[in-house]
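Asker: Start from the sequences, fold in the hints, and give me the full structure.
Chains as they are written, first to last, in numbering that gives the first Met the number 0: chain C, 0 to 303; chain B, 0 to 271; chain G, 0 to 472.
Derived by calculation from the structure, the hints in this document are not laboratory data. Among these hints, one or two may not hold up.
Think about it this way: if two alpha-carbon atoms lie no more than 20 angstroms apart in a straight line, the pair counts; the simulated DMTMM-like pairs of lysine to aspartate or glutamate are [claimed, not checked]:
#1 C:Lys181 / B:Glu257
#2 B:Lys176 / C:Glu75
#3 B:Lys5 / B:Asp230
Keep in mind that this is a model prediction, so the values were computed, not measured.
The primary structure of each chain is shown beneath.
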Amino acid sequence: MASSTHNPAVLLKRILSLSEATPLLLCLDSIPQTANYLINEIVHHSRNTLNLETIFVAFETLNKPSYATHFIDINEVSGGLPKLIETLQSYLPSPQQKHSNKRLVIIDSLNYIPNDKLAQFISAVASPHCTLVGVYHKDTPEVDIPALDNYPSSLELLQFMATTILNITPALPSRIDEESLKYELEKYSIPRGLNNPIFNLKLINRRRSGRSLSYDFQIDTNKHLYEHVINNPEEQENEIETPEMLQGLTTFNLSTSTKQKMAKDQVALPFLEAQGLESHGGAIVYEYEKDDDYDEEDPYEDPF
Amino acid sequence: MSAVQKQDLTIFSDQSIIPKNLCSNESHNVMLLTSTAATQPLWLINTLVESSIYGHSYSLNSSASSTNTINHNKPINPTSSLTIASFAHNKSFYKSSFDRLKINSNSYKILDFLTDFTMNETLGKPKAKIFENLLKLFPNDTTSTIILEQPEILFSLMGDHLSANELIESFLKPLIKKCGLLIIVTSVELYKLDYSMTKDVTELIRFISFCFHVSLTVLSLQPLQTGRAKDITGSLKITRGGATLDHLSGKIHVIENEYLYLNEKDSTKLFY
Amino acid sequence: MSFRKRGEVLNGREPTSRTIPGREPLNNARRIPGTAAAANGRAPVIRSVRGGQTIPPTARMANLNMGTPQPGHTIPKEVASEDEEEEEALDYINHPGIRPSPVSANLVTSTGSEDLDKVLTHLGLPLGNSILVQEQGTTEFNSILCKLFAAQGIVHNRLDTVPGSKSGNTHLIVLSLNQGFAKELPGVYKGSRKDVKKSMISEEQSKLSVQNLNEQKATPQRYKDFKIAWKYKFADEKKAGKDISNNETEYKGYNHQFDVTSRMIPAPNSSDITFISPIQPLQNVITQVERTIKTHDHKLIRIIIPSLLHPAMYPPKMFNLNGIIALLHGLRSIVKKFESRCVLMGTISSDFVTPLLLVQIENLFDSSIKLEPFPQEMLQFLENVYKAQPNKVQHGLLHVLKLPIFSERGEMRVAKSEWAFRNGRKRFEIEEWSIPVDDADDDSNKKNEQSMNRPEDDPSSKAKKSTKISLEY
Chain C
0 MASSTHNPAV LLKRILSLSE ATPLLLCLDS IPQTANYLIN EIVHHSRNTL NLETIFVAFE
60 TLNKPSYATH FIDINEVSGG LPKLIETLQS YLPSPQQKHS NKRLVIIDSL NYIPNDKLAQ
120 FISAVASPHC TLVGVYHKDT PEVDIPALDN YPSSLELLQF MATTILNITP ALPSRIDEES
180 LKYELEKYSI PRGLNNPIFN LKLINRRRSG RSLSYDFQID TNKHLYEHVI NNPEEQENEI
240 ETPEMLQGLT TFNLSTSTKQ KMAKDQVALP FLEAQGLESH GGAIVYEYEK DDDYDEEDPY
300 EDPF
Chain B
0 MSAVQKQDLT IFSDQSIIPK NLCSNESHNV MLLTSTAATQ PLWLINTLVE SSIYGHSYSL
60 NSSASSTNTI NHNKPINPTS SLTIASFAHN KSFYKSSFDR LKINSNSYKI LDFLTDFTMN
120 ETLGKPKAKI FENLLKLFPN DTTSTIILEQ PEILFSLMGD HLSANELIES FLKPLIKKCG
180 LLIIVTSVEL YKLDYSMTKD VTELIRFISF CFHVSLTVLS LQPLQTGRAK DITGSLKITR
240 GGATLDHLSG KIHVIENEYL YLNEKDSTKL FY
Chain G
0 MSFRKRGEVL NGREPTSRTI PGREPLNNAR RIPGTAAAAN GRAPVIRSVR GGQTIPPTAR
60 MANLNMGTPQ PGHTIPKEVA SEDEEEEEAL DYINHPGIRP SPVSANLVTS TGSEDLDKVL
120 THLGLPLGNS ILVQEQGTTE FNSILCKLFA AQGIVHNRLD TVPGSKSGNT HLIVLSLNQG
180 FAKELPGVYK GSRKDVKKSM ISEEQSKLSV QNLNEQKATP QRYKDFKIAW KYKFADEKKA
240 GKDISNNETE YKGYNHQFDV TSRMIPAPNS SDITFISPIQ PLQNVITQVE RTIKTHDHKL
300 IRIIIPSLLH PAMYPPKMFN LNGIIALLHG LRSIVKKFES RCVLMGTISS DFVTPLLLVQ
360 IENLFDSSIK LEPFPQEMLQ FLENVYKAQP NKVQHGLLHV LKLPIFSERG EMRVAKSEWA
420 FRNGRKRFEI EEWSIPVDDA DDDSNKKNEQ SMNRPEDDPS SKAKKSTKIS LEY
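Answerer: This is how it looks when you write it as structure tokens:
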């Protein structure tokens, strides 16, 4: 039970400060909440790491962020993806250099890499010495490659390859719910109060042991606060009645034994019978008992 | 209507529509203006053009007749230029609109990508050449503003299939690099959700999603959900876009807001 | 109503005067604010109204009546050509098919359907603008509008043309492979059969029938007059001080009524219509359209695209964005390039076009309306309600999606389910839509709802129910 004693917030902090060995850190974002704040958070935590070189590969970002050691604008790399990999690798340590500086490669965003080149690209860049932080917009549709019908989608590929997945969802203001957000976004109208410094995050961390940990957080990037949110399934679990919960509430014995429980479960409730009577919606089910005084001759006697 | 308090339009926290320092440093910025067929954006384009040239919008909230009496101040930044390029409207459309606002015709340049565009620019030419020719028409000036209307029409005008990636890489991003502020005007009606997710739909959505992600702010014009009303044309919603303003000095941010507006007889009034 | 005609006679000191009965008072009204002659103009009008009763129509007026039993819609060719034969250039003032918009500073031309003109609020389609007529389902109401639009152009052209001469004032460009389109165009409505007979019997009697018609049409006529009054304000601003005689007679040949069961005689020929195949390479289509426009300089050009993307005519690859949208972009470019003398109407059945393609198409038109024909059940219900007046049964709803000029400016002009249309023999009528009340029914709302969902066999039972209720009354 190591995971339960483990403090989830500490784990998240370790991941954001790149102390955990994660070659591919996948940030899934969407239009209502983009990954910018999370990237800033990673930069905030990792800047204390000695000799960290940050390489920013920009498909979307227009201006060089202040923290980037190298800024690769994809438009200035002529020659497409192979050239990009080459450029990137020139900044990365060769496998021979054992104790080199740590590298952080931020890619914004992986959506622009064609599906059939993605796996190759990731494996060419990500290594134990280099953490690849890849942003992927999960709400952007992917170009279908007709020749690759059975190949997994980019999102599936990335989720499979990533050692850590940070799934970002907006912290919705109270006046909008998921449903109305979806409806608004379908009309390409973004409700107010999104793309906030405060957002929700689902962390999935794959341990070397093969286990996978999953936690929900609410992140406040202004104050660098991470609040672990207990997710709903657990709450429901707690609501299941246990004998201990009823102990000591009153002097009465409220708990039920296993035998009593079984007997209770076997009682057929009256409405179950009614459900069996299909298409007789409002019929009155009346069974005569032996004491009933019923006169067949009397038309008004009929209870129906 | 006179009882209703008119509101000034502010988009950024320094009370401006377009902050002065947005185009003055080396940064490149994008704003997105989305409209629908029922609520078309001419008045807001006018407002943005005025703000870009004069630092203030004179036409907004004034009645059509009173604009004539206003003497415009000098342009806030005489060296910066404004270029408006449209795939949906011709030169005279914007010319007459700006003339009505008494905007000095030296302070803007109109690129007409409608008139004879297919005949002269796209037919029988490779994509790379088309983009190269188009880009040449825009000035290379990082203090300038470019307004680009309905670039998505380019998807339909290329002889062979144009992907969103190509449009972004070969046209939009180079264009952004040429100016300080690119305002992309697009009709979101055009992406009307088509669940079939054909190739065209995918490319269009990829394009608009790029626009959302690179924009500092999204200005969205929409009709009322309840339909037509006599005293309200629609709503203007200002929301944060996907890009941050971290690179800008002065710590400004986008003020999210939702206005109602009434557009009639060539004048537009803004209120809550 | 007859005093108007007599007023016209009094004002007949202007030799070119061709005023229509229904419009006369406003022509005077127009003069009041507009010109220096206003003060003088007022007095004669009043006098004409009072004293006019006894003045018999001149022979010329009788002539007019014979040719056009429907007041305000047509002028006989001979009269029309009298003044205008000298002028060959497209002259907005003398072009019978062009008038100023009452609501904006634009010049407009009729779509061929007076009611559609009204729905567009400009009393026509502004020059340099385009309209898209969409239609749901497999019905063909859009083709009626298309033919009316074409026929109107040809009638304008012929109003001006001296027989035998090649010049005209209007030219049609039809983007279609179907050359038969020209032969399917409706002829001008000649009045009801009774009227036609009467006019043949004697001129005097035909004059009477005109009066009858006038009385019938009293309300719409007056309604129209108000709109025109509006317009004069604009007209005055535009060309203050210009000669009155032209303004007086300006809109007489503006729109016509067509009888869809008849055919236009003589059938339009190459001097009226140019056919261009829309499925040639884009370059050829655009070049040909542009060349045709240039050949017919000084003419109003009406471009028509009937049944856009009809699968029988358009090959599958035209359904690609770079097929149809590129074509429409090119055509939009042309319409705007020649915006002083060019209009475009396209029609499309929206059912076999994907939503994406449809909005892309709509985006390239300045205005757009959508016809939604009623389903069978609704028609049956309406027939039942209007048992006594079968000509009141509407055929469907008309939704306005975009209006020319206004929508572009940013005004919200969507009007869904506000109009209903009815296609009759002599008119494509558009009227405000309201669910009719079944007088036999005391709870009409409930009933309407029922009727919408009612299976086909039900009308009989409904009829029974109605009788029962009426008995209770």
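Asker: It remains to establish, for every hint, whether it holds in the given structure.
Answerer: Cross-check of the supplied hints:
1. C:Lys181 / B:Glu257: 19 angstroms, holds
2. B:Lys176 / C:Glu75: With Cα atoms ~11 angstroms apart, Lys176 (chain B) and Glu75 (chain C) stay inside 20 angstroms; holds.
3. B:Lys5 / B:Asp230: 13 angstroms, holds
Going down the numbered hints, you'll see the structure goes against none, and every one checks out.
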